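2 protein chains.
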Amino acid sequence: MPLGPEHLLFELLLIFVAAKAAGEAFEWLRLPGVLGEIVAGAALGSYGLGWIHVSDTLQSIAELGVIFVLFSAGLETRPGELIRVGDKAMQVAVAGVAFPFLLGFGYMKFRGDPTSEAVFVGAAMVATSVGITARVLGDLRVLASQAAKIILGAAVFDDILGMLLLAIVAGFAAGGRLEWLHLSVLTAEAVGFALFMIFVAPRIVHRIHPRVAQLSTQNSSLIVALSICLFLSWLAAKIGMAAIIGAFFAGMVFADYAEEWNLLPRVGGITEFLAPFFFFAIGSRLDLRLFNRQVLVVATVVSLLAIVSKVIGCGLPMLSQGWKDTLRVGIGMLPRGEVALIVALVGLQSGIVLPSTYAIVVFMTAVTTLIAPPVLRYLFRKEAPAKIAAQL
Amino acid sequence: MPLGPEHLLFELLLIFVAAKAAGEAFEWLRLPGVLGEIVAGAALGSYGLGWIHVSDTLQSIAELGVIFVLFSAGLETRPGELIRVGDKAMQVAVAGVAFPFLLGFGYMKFRGDPTSEAVFVGAAMVATSVGITARVLGDLRVLASQAAKIILGAAVFDDILGMLLLAIVAGFAAGGRLEWLHLSVLTAEAVGFALFMIFVAPRIVHRIHPRVAQLSTQNSSLIVALSICLFLSWLAAKIGMAAIIGAFFAGMVFADYAEEWNLLPRVGGITEFLAPFFFFAIGSRLDLRLFNRQVLVVATVVSLLAIVSKVIGCGLPMLSQGWKDTLRVGIGMLPRGEVALIVALVGLQSGIVLPSTYAIVVFMTAVTTLIAPPVLRYLFRKEAPAKIAAQL
Chain P
0 MPLGPEHLLF
10 ELLLIFVAAK
20 AAGEAFEWLR
30 LPGVLGEIVA
40 GAALGSYGLG
50 WIHVSDTLQS
60 IAELGVIFVL
70 FSAGLETRPG
80 ELIRVGDKAM
90 QVAVAGVAFP
100 FLLGFGYMKF
110 RGDPTSEAVF
120 VGAAMVATSV
130 GITARVLGDL
140 RVLASQAAKI
150 ILGAAVFDDI
160 LGMLLLAIVA
170 GFAAGGRLEW
180 LHLSVLTAEA
190 VGFALFMIFV
200 APRIVHRIHP
210 RVAQLSTQNS
220 SLIVALSICL
230 FLSWLAAKIG
240 MAAIIGAFFA
250 GMVFADYAEE
260 WNLLPRVGGI
270 TEFLAPFFFF
280 AIGSRLDLRL
290 FNRQVLVVAT
300 VVSLLAIVSK
310 VIGCGLPMLS
320 QGWKDTLRVG
330 IGMLPRGEVA
340 LIVALVGLQS
350 GIVLPSTYAI
360 VVFMTAVTTL
370 IAPPVLRYLF
380 RKEAPAKIAA
390 QL
Chain F
0 MPLGPEHLLF
10 ELLLIFVAAK
20 AAGEAFEWLR
30 LPGVLGEIVA
40 GAALGSYGLG
50 WIHVSDTLQS
60 IAELGVIFVL
70 FSAGLETRPG
80 ELIRVGDKAM
90 QVAVAGVAFP
100 FLLGFGYMKF
110 RGDPTSEAVF
120 VGAAMVATSV
130 GITARVLGDL
140 RVLASQAAKI
150 ILGAAVFDDI
160 LGMLLLAIVA
170 GFAAGGRLEW
180 LHLSVLTAEA
190 VGFALFMIFV
200 APRIVHRIHP
210 RVAQLSTQNS
220 SLIVALSICL
230 FLSWLAAKIG
240 MAAIIGAFFA
250 GMVFADYAEE
260 WNLLPRVGGI
270 TEFLAPFFFF
280 AIGSRLDLRL
290 FNRQVLVVAT
300 VVSLLAIVSK
310 VIGCGLPMLS
320 QGWKDTLRVG
330 IGMLPRGEVA
340 LIVALVGLQS
350 GIVLPSTYAI
360 VVFMTAVTTL
370 IAPPVLRYLF
380 RKEAPAKIAA
390 QL
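In the order they appear, the protein sequences are chains P and F. Residues in the first sequence are numbered from 0 upward in steps of one, following my numbering. Residues in the second sequence are numbered from 0 upward in steps of one, following my numbering.
Simulated from the structure, these hints should not be mistaken for laboratory data. Treat the numbers as computed from the prediction; the structure is a model and nothing was measured. Keep in mind that a hint or two might mislead.
One copy or two, either will do: identical chains are not told apart, so a pair holds if it fits within one copy or between any two.
[Claimed, not checked] Using 25 Å as the maximum straight-line C-alpha spacing, the simulated SDA-like pairs for lysine to any residue come out as follows:
(1) Lys323 with Arg83
(2) Lys381 with Leu340
(3) Lys237 with Gly49
(4) Lys237 with Ala166
(5) Lys87 with Leu194
(6) Lys237 with His6
(7) Lys381 with Gly350
(8) Lys381 with Val204
(9) Lys323 with Leu185
(10) Lys108 with Val297
(11) Lys323 with Ser115
(12) Lys237 with Leu194
I would like the entire structure built from these sequences, with the hints used as guidance.
Have a look at this one:
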């Protein structure tokens, strides 16, 4: 008898309370709360105590959560600011993709692995997953800093490059031939989308902005913003980019009106409610038992390379801005996520990548995911507003 | 290849935009927006054009949506205010349960149907589904009115009575014997829960309230409130009540601090995002083709009885307050929902209720669901704040 939603409510309750309680404990220990939420997921999820298995429904709610994390970050990023750091952000993204690929590829070849497997490991080391960084920067209230703008801008380019690399290795896995036409279409779509969002969309919003207030529906500004957020998230995913990049753009085009429309507290409320499910879900996918396995030595080397190569690659174009912003951007771009796992999975399923190599990639994502938040918090400790700085 | 959440995002986008666009059109026609959202669901759902089949995940998001509608309504209802209307609310609930049951039962017996089937139809006519009314009152910003308090208070008692009646008819369906011990436990749990929430819980919140601000986590007040909302929704569902009643209590215990903690815009944002999925889902379950079937005459009579009996039952104790509040409360308690359908389904599955009688109950829920919002809006047109009243 369909008597009620107790079961889902119980899981939501358990995840929310566990994530936030662990977050509070971590904050008390001067560590980022988001790390606590991830650790709660690792502890209670399938690879930990097994209290909670993240179902499809929970996974969907988690994906909505990270969409709102980036939507919120976008609301604090005005298009003009993003254009101003555009050059720098593109350099950061390109070098931050090239270095990890070359180092990952080179090390695997050096170990004597076949070229095809080395390509996959290199590709898996490329794509930054910006959700964690956006959350840490938002918690520290430093989204307005120069380094934060460059990280978010670079994440857009990084996502495009990562998508192309994924298309290349997927073609590689399927038969080995590169479809240049397909790649060109992908590139044109993604670049066109990004350029449209940055240069044209804000003007459209400027035009329609007075009409939104005339709608009869209550909270019409919030509803229009939410509709655009869902639309651009879907569109980005549809053309092969990350949904969160679309959500970031959606926030950005409304950034100039976020205050007037009182969007920040209202979207912030949604983010606050949904985001913990995402970070918990990330944690629940971290198999901490991998840390005891035979692959440990290689996995540690690959993880170190993943860290060093991203920090150097993303840092190099930043050197002129001083070492502090160099490190901030390098560490901000550190976390790897879904794309790395998808690349490795494609390789595994096509038989090119060995299960032990897949485990190495999983290990690497875990290490970069766990290391970035505390280091980032440390690097930004002086930028944070007084109340937060006192807790750091 | 798990390349992205496009499909779910597309469904969410379609539902959100369709619901809100229909809502805007209805507001423009001086009809309640929520009715537009329900009609959008009926038009695009499985019984309409079939563009969207409400999946388990969408259903879960919808259930979260109505939880937040009642949580928001609770945040605007101080415990003291609820206690003040307590007597009146209980009278409204009791008479509002007794009249529909007796009229429904009586009419079916009069038609010559067996007693067992008449019991089920009577029981299905009892329970009010307060989600729609709470949303209409919230949209009109009249939650502070006397009639709104009485409706919300009566909904609590109505839910307890409806739960007991459901337990009785379920026992009836299973074997016919009433388990008095089981019923006593259910009653004690529900009454104890309600009394605790109204009289004790607000004092506990008053005690812990200064400590919440000392937590290191950002937005700690919102997070504590959301945790309690999830907890009480789960607990209410666990003891057999409606989850939304738990959510309403959760809002109520924080009502005294809603302003200080800036909860209204932040919880309001969540409600604004999630609620349309609930009202769309309600609509998608309305099978409008029923309106052409043979059962139409009986269904129309039963629907009329459902309206008249609820308005008279809930109105009688209100007569001393003037005819306007009498009608407001009567119409506010009109919509039937899940409980009616569950009662009818239990009867259908046990063979006591014929499929044609089940269709009558579905028809009756549809009629009461669709009629209440516009009439309620009309009855409250003079209480609404200036800007909204101008649109009415």
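Status of the hints after comparison with the structure:
{"no.": "1", "hint": "Lys323 with Arg83", "in the structure": "within (20 Å within a copy, 61 Å between copies)"}
{"no.": "2", "hint": "Lys381 with Leu340", "in the structure": "neither (34 Å within a copy, 59 Å between copies)"}
{"no.": "3", "hint": "Lys237 with Gly49", "in the structure": "between (34 Å within a copy, 22 Å between copies)"}
{"no.": "4", "hint": "Lys237 with Ala166", "in the structure": "within (14 Å within a copy, 48 Å between copies)"}
{"no.": "5", "hint": "Lys87 with Leu194", "in the structure": "within (16 Å within a copy, 62 Å between copies)"}
{"no.": "6", "hint": "Lys237 with His6", "in the structure": "between (32 Å within a copy, 9 Å between copies)"}
{"no.": "7", "hint": "Lys381 with Gly350", "in the structure": "neither (48 Å within a copy, 71 Å between copies)"}
{"no.": "8", "hint": "Lys381 with Val204", "in the structure": "neither (35 Å within a copy, 35 Å between copies)"}
{"no.": "9", "hint": "Lys323 with Leu185", "in the structure": "neither (36 Å within a copy, 63 Å between copies)"}
{"no.": "10", "hint": "Lys108 with Val297", "in the structure": "within (13 Å within a copy, 79 Å between copies)"}
{"no.": "11", "hint": "Lys323 with Ser115", "in the structure": "neither (37 Å within a copy, 78 Å between copies)"}
{"no.": "12", "hint": "Lys237 with Leu194", "in the structure": "within (17 Å within a copy, 51 Å between copies)"}
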